[in-house]
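Assemble chain H onto chain F, guided by the hints.
2 protein chains.
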Amino acid sequence: MIRKPIPVKEAVQHVINSCTEVNSEMVKIDNAYGRILKEPIVAKHDVPPFNRSAFDGYAIRAEDSEGASENSSISFQVIGEIGAGHVGERALEEKEAYRIMTGAILPPHADAIVMLEETEKTENGFTLSRSFAVDENISFQGEDAKEGEILIESGSLIHPGTVALLATFGYAKVKVAKLPVVSIISTGTELLDVEDELEPGKIRNSNGPMLKAQLDRMRIPYHSFGMMEDDLDACTELVEKALSQSDIVITTGGVSVGDYDYLPEIYKRIGAKVLFDKVMMRPGSVTTVAVLGDKLLFGLSGNPSACFTGFELFTRPALLTMMGCTSPYVPRMKATLGEDFTKANPFTRFVRAIWEMRSDGLFVVPAGFNKSNAVSSIGRGNCIIVLPSGSERYKVGEEVDVLLLGQELGVATWDL
Amino acid sequence: MIRKPIPVKEAVQHVINSCTEVNSEMVKIDNAYGRILKEPIVAKHDVPPFNRSAFDGYAIRAEDSEGASENSSISFQVIGEIGAGHVGERALEEKEAYRIMTGAILPPHADAIVMLEETEKTENGFTLSRSFAVDENISFQGEDAKEGEILIESGSLIHPGTVALLATFGYAKVKVAKLPVVSIISTGTELLDVEDELEPGKIRNSNGPMLKAQLDRMRIPYHSFGMMEDDLDACTELVEKALSQSDIVITTGGVSVGDYDYLPEIYKRIGAKVLFDKVMMRPGSVTTVAVLGDKLLFGLSGNPSACFTGFELFTRPALLTMMGCTSPYVPRMKATLGEDFTKANPFTRFVRAIWEMRSDGLFVVPAGFNKSNAVSSIGRGNCIIVLPSGSERYKVGEEVDVLLLGQELGVATWDL
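For the record, the sequence lines run as chains F and H. Residue numbers for the first sequence follow our numbering, so the first one is 1394 and each next one is one higher. Residue numbers for the second sequence follow our numbering, so the first one is 1394 and each next one is one higher.
Please note: incorrect hints may appear among the correct ones.
Note: identical chains are not told apart, hence a pair may lie in one copy or across any two.
Here are the simulated lysine-lysine pairs, DSS-like style, with alpha carbons at most 25 Å apart [what the hints assert, rightly or not]:
1. 1788 x 1488
2. 1514 x 1671
3. 1571 x 1402
4. 1488 x 1571
5. 1727 x 1566
6. 1788 x 1431
7. 1736 x 1437
8. 1566 x 1514
9. 1571 x 1661
10. 1788 x 1727
11. 1514 x 1397
Just so you know, the hints here were simulated from the structure itself, not pulled from any lab data.
So here's chain F without its partners, still in its complex pose:
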């Protein structure tokens, strides 16, 4: 079987085009963090909902302060107090004032707020030594948001700031996308469980626990089917069982060209349509994605770095797109390469790396050993350097693309 490699960008597009949106549900505001909005957040009223004092001080009629100066102060009589949440009923008359707290509604006829610090206390009021303009120190009704305004679009991730908006407008419950369910199957007779002692020729399964953490980071629920032996019939049955219980099935391993790499045959048996089985990227060139009805099957490489990258590039955006998220891609930035890097292969290279802010800008250095089966560099690093196909040698000081890992908000476009 000859596999035809396709560019990363094309592969991402194939995956996104094959996503089917999941249903929505209502969740309480306290459980909304991290979910994807399935309705816009609309300002249900003006914010502020009324003209209010921006400071602790006194509410006055500005005209009464006219002519006040250091040499000729003006006296005001305090006729009451308006705490935040309270209302001053009586309208102000000449040279009258209310003591007023931050955020409290202005009493009738008041049109300026005098800060406490600018007053001199008297027996039943205070004096002013400067004049105040109409509207001084007032937060105006609707200056922050107007009733009916769409503040946050449907398809946005709910972060703590979004929650503040939900609370402001009384969204005790909010419509969000249901969480897709993922199944994880690790393949390979060489794999031991994390509890097992090492044996000759074997290694512990790190992809399974890593993928669980990648899903946990997204707060996506999963079923773990543990590990399957290299047996075609048993494998097919397990994949079918996983499919019946989830929206997405991730397998690790079994996608190369070895005699025990059963995934291509399994996809054929269950009737899944393979979107691609070779991508012009390293690590992870054998990454395979297939679709069956409204479900996606991700055949990620058994090599940990390749598996990790395949999840972040393909599976994560797919999960977010299924939830209707309009910014499903890992955000990208530019940084200066902090050390030379030689690329052994013409494919696009994804290098686990560490970015940091130095006095002269953003720098990025590879996180260490960078073969696709490397585990140690996965544990370090907070980003991935992307080196495009073509050029083979990258020098200190060159500007390179960097994908930010572990970032709450994604971006709407994938450019690499």
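Only chain H this time, still in chain F's reference frame:
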């Protein structure tokens, strides 16, 4: 009472210096994501643990391929097959080969791997048309990590890559910091619950739900004490109750100079030592932090933007430091200002903003209305612009500091 404002950097330092570390506990690897390591991750064995094949192909003795060329190919006999996880017992003799899978252990005497694509199949073996060097296509024992090497330091946040390392070395359970418990109390008679209908002079409490989401983002458990009325005795009692149940108490509101701003008096009554009660920052200049024994009390401003910023600048690093995290601060980068911004106040200004990658670099623009009581700009934006004290006008094209929000990994130093 005159408050003496201190620089942000000094305030952060006061908070961090007052943190007491919480205890540690063991958690299962599947529950370890997001926790702070309280032991280093040590390579318990070499990685790879044995010399292994980097590709699917044939294991040969390199010397047997000497002299092979297009015109003079050399034949090999295949004496067996080594799947990953299996072992080839018999040593290779002259012009013998094992069929071998990616990741499988090399059989005795083998010292090179021939990729499948470079062979021509024969009845009981294959032919080669080029010679292979010793060590070609082999992943060497220990090349990724050496036994005994410290791969990840104690005090690191466990992310998915860290989990891969834990799995590789058999950390079925790992020692992590216990999660500190936080209490949240919102103060202000003007506050309504999210379910309530608006009333004149009142607004819904957005700080409480927002803080819960900020804690939820960190996976920190909390008690919510709802809202307290502006009554000094009741307030004191509530703060004492909250303290008895948690490591940190966050109050919102009540820290200004208004007649109902009871926090200073409450701190005095319970014997808490105030670290500072005025910070040279906007919003949030009234942010107050106090310490009582090994517990911290955060008096955040009642204004949503100020409350949000106060949490990210002070409370979040404190929580992480209590867990022993060595990188507790929000990461910083530089970006180009996308629009003019005028600062009305000499204090350091924190402006909710949106950063994005454009073709000519990283740009950042304010997220909208930016008074400290603004709610709408909180819902937008993925970062905070930091404008230092001093200069008042910032022009399009100037480079500014930006704090990345919602980023999984923090940094070790706070520079602003």
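Going through the hints against the structure:
1. In this homomeric assembly, residue 1788 and residue 1488 never come within 25 Å of each other (Cα to Cα): the closest approach is 73 Å inside a single copy and 43 Å across copies.
2. Taking the shortest alpha-carbon separations for residue 1514 and residue 1671, only the inter-copy value of 24 Å comes in at or below 25 Å, while the best intra-copy value is 79 Å.
3. In this homomeric assembly, residue 1571 and residue 1402 never come within 25 Å of each other (Cα to Cα): the closest approach is 27 Å inside a single copy and 42 Å across copies.
4. For a Cα distance limit of 25 Å, the shortest separation of residue 1488 from residue 1571 qualifies neither inside one copy, at 59 Å, nor across copies, at 59 Å.
5. In this homomeric assembly, residue 1727 and residue 1566 never come within 25 Å of each other (Cα to Cα): the closest approach is 39 Å inside a single copy and 38 Å across copies.
6. When the C-alpha separation of residue 1788 and residue 1431 is checked against a cutoff of 25 Å, the pair qualifies neither within a copy, at 46 Å, nor between copies, at 37 Å.
7. Taking the closest pair of Cα atoms, residue 1736 and residue 1437 never come within 25 Å of each other, the shortest separation being 55 Å inside a single copy and 30 Å across copies.
8. In this assembly of identical chains, residue 1566 and residue 1514 lie within 25 Å of each other by CA distance neither inside one copy nor across copies; the values are 48 Å within and 65 Å between.
9. Taking the closest pair of Cα atoms, residue 1571 and residue 1661 never come within 25 Å of each other, the shortest separation being 30 Å inside a single copy and 48 Å across copies.
10. Taking CA atoms no more than 25 Å apart as the test, residue 1788 paired with residue 1727 passes in both settings, with 15 Å inside one copy and 22 Å between copies.
11. In this assembly of identical chains, residue 1514 and residue 1397 lie within 25 Å of each other by CA distance solely across copies; the values are 22 Å between and 84 Å within a copy.
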